[in-house]
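A.B. asks: If you want the building blocks of each chain, they are given just below.
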Amino acid sequence: MSSITLAFSSDRAGSADRADRAGSKRTRPTDVGRVLLDPPGGVVGRVLSDPPVALAELPAGARGVVVDVNASDGGRSDRLMALGVTPGARIVVLQTFPGVVFLCDQTELAVERSVARSVLVRTEERQS
Amino acid sequence: MLTLRARPLRIALVGQPNVGKSVIFTRLTGRYATVSNYPGTTVAVTTGRSLVGAEVCDVVDTPGVNALEGTISEDERITRDLLESDRADLVVQIADARNLRRALMLTSQIASFDKPMVLALNMVDEAYGRGISIHAAALAAELKIPVIEMVAVEGRGLSELRDALACAARPDVPAHPHAGARAVWAHELTERVRRVSTLSLAYVQEALARATRRPLTGLPILVAVLYALYLFVGVFGAQTLVKLLEDGLFGRGINPASIWLADRFIPVPFIRDFLVGPYGVITVGLTYAIAIVLPVVATFFLMFGFLEDSGYIPRLAIFCDRLFRVMGLNGKAVLPMVLGLGCDTMATMTTRILGTPKERLIAILLLALGIPCSAQLATIMGILGGISFAALATLFGVVLFQMVLVGWLAARVLKGDRSEFILELPPIRWPRLGNLLTKTRLRIWWYLGEAVPLFLVGTVLLFALDRMGALTVIAAAGRPVVTGLLGLPPATAQVLVMGFLRRDYGAAGLFTLAHSGQLTGVQAVVALTVMTLFVPCVANFLMMVRERGLRTGLAILGVITPVAIFTGAGLNYVLHHLGVQF
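As you go down the protein sequences, you meet chains A and B in turn.
The numbering of the first sequence is our numbering, which starts it at 1 and goes up by one.
The numbering of the second sequence is our numbering, which starts it at 1 and goes up by one.
No lab work stands behind these hints, which were simulated from the structure alone.
Treat the numbers as computed from the prediction; the structure is a model and nothing was measured.
In this text, a Cβ means the ideal position worked out from N, Cα and C, and glycines have one as well.
Worth double-checking, as some hints may not be accurate.
A few chain A residues facing chain B, derived, Cβ under 8 Å [as the list claims (entries may be wrong)]: (1) Pro51; (2) Leu80; (3) Phe97; (4) Gly99; (5) Asp105; (6) Thr107; (7) Ala110; (8) Val111; (9) Val115; (10) Arg117; (11) Leu120.
Just some of the chain A residues that point at chain B, by a computed CB distance under 10 Å [said to hold, decoys possible]: (12) Ala54; (13) Leu94; (14) Pro98.
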């Protein structure tokens, strides 16, 4: 299973003219845990949790970025990837009972807990 | 651009589930493909003709795919096989504009089939409503293929799509060694061409979406939906409308008139009885089909179509997941199970969306065992609703218990795995009246075309059996079971035979028995329980054989028949010993 850490370019940005910046914003492992500034407005700061936590452990309302899909079984990561749960995807946890429901990009996904355990997420909090 | 071809150009519509392929197919070809708001509506390939420019083309609607390589389900394989073959010359990828990243991951996989393609971004209106805008021209420039923005349900972007077909090209997508690399590429390209603001105009839909999936609000909503279903189908359809048609139209109009005509003009008693006798084609066959089952089926299809298009049904999967896991399935199986309430035969085909062969087999078995089809469901409501709520609850309780028990056993006995529960929930939408009416109309036509002839054939068969004296033989042969074990009147034996021809035909037979006061409350509950659990109709059996082979089909029958009879016997024994009267 490949593990890729991706650029956390904001989903609020990203018009065609910003194409060139995407490369330079790739996070190195050392960047994690620091405040990342969003270049265009420079207003939205985020703190990303370190180390990443499993999606299954997040409370409803938590937001974050997928860093890895850690599945021993290839089928699980294939299916999650196909539904857009890939490193770099932004997620919002919607509910945790009876199953885990989360928003990944614009897709609402319902999964059982064991599946949610293998999705590793860095949570973010907006700075006051 | 006119080209001389040996056969029409074949255009395959490919895309993720629930992005609107069938809507575009219908718009292009004028041929209706069932459109609903849940993934897995289309599980087979449909072809239709369309005029593009001056050329006649074959347009192919395909089952939705999340991926074309790696671990894929049976319906996804159908689409992949199509792309691999020469049955598709050109691919139109339909994408949900809200989910560009996912769509691009699929684009990269479609590109590996090396066919010219066009990308259609559908539902751009919904994307705008959620603050998402896509720079289509920039995307087209990067991929080097035409990119069309569409709102297919309103027909917007359709002529642009037709025009773009002539410019279809092989996309410029780098070859990705693995899914991870593909994800990075799709992510970066999406970031370049998409703009997302926090603005969302879809408050009401989002509130409804939230309320239907949370247990605290979702379960009361489920109860309300079931109650509404009962009121509309069980009371309005099965009682008010049936009364109107059975007593009014047929009881006072058609039947007396045809009997009068037959008495007057048909001197041969054999032919007279064939038409209007106790097993007459008109007095029984047509009456059952039109007066008893049609109103029920029509009201059910209307309500069911509404639920389908609203996007509500997949949300039930969240609540059902744990229960289904006991039966070796996962929450996703709620889709074929609920569809089975419409028609078990169709639902048997829908099991293709399930992950593993074991799950498919269990789902097919449970559909055949316990899920009553629309007509059966409503005759159940019609008969038992008139007796008492406790009677209704007993029946559903027993059937549900049997399904869980058989599912639990099957999960342990059968080899293979359960797949994990990962399900995409479609957005809640207000159903479009046009689609709802078209769908209901076509389903009613389907019922009239498929069921009514079988009702008539069944009646002819019964008439023949009656004339040969075979009915008394069957009743005598069935007596130890029917009268002895189940405590039912002997006449019920023939109803069970009718039930094999079509479940609803048998149920309608019970309906008339109950109406004429030949069944007590307990007998009605026992008979309906056996009928619900009993063998599926011929069409369902043939579909099981088509999907899973003759041996499996026969094995399923071999399991179901004793389960049905012994459950009925047990229920009869318990109810009698407890002195329950309903």
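A.B. asks: For every hint, state whether the structure bears it out.
C.D. replies: Hints and how they fare:
| no. | hint | result |
| --- | --- | --- |
| 1 | Pro51 | violated, 20 Å |
| 2 | Leu80 | holds, 7 Å |
| 3 | Phe97 | holds, 7 Å |
| 4 | Gly99 | holds, 5 Å |
| 5 | Asp105 | holds, 6 Å |
| 6 | Thr107 | holds, 6 Å |
| 7 | Ala110 | holds, 5 Å |
| 8 | Val111 | holds, 5 Å |
| 9 | Val115 | holds, 5 Å |
| 10 | Arg117 | violated, 11 Å |
| 11 | Leu120 | violated, 14 Å |
| 12 | Ala54 | violated, 15 Å |
| 13 | Leu94 | holds, 7 Å |
| 14 | Pro98 | holds, 6 Å |
The structure does not agree with the numbered hints 1, 10, 11, 12 stated previously, though it agrees with the rest.
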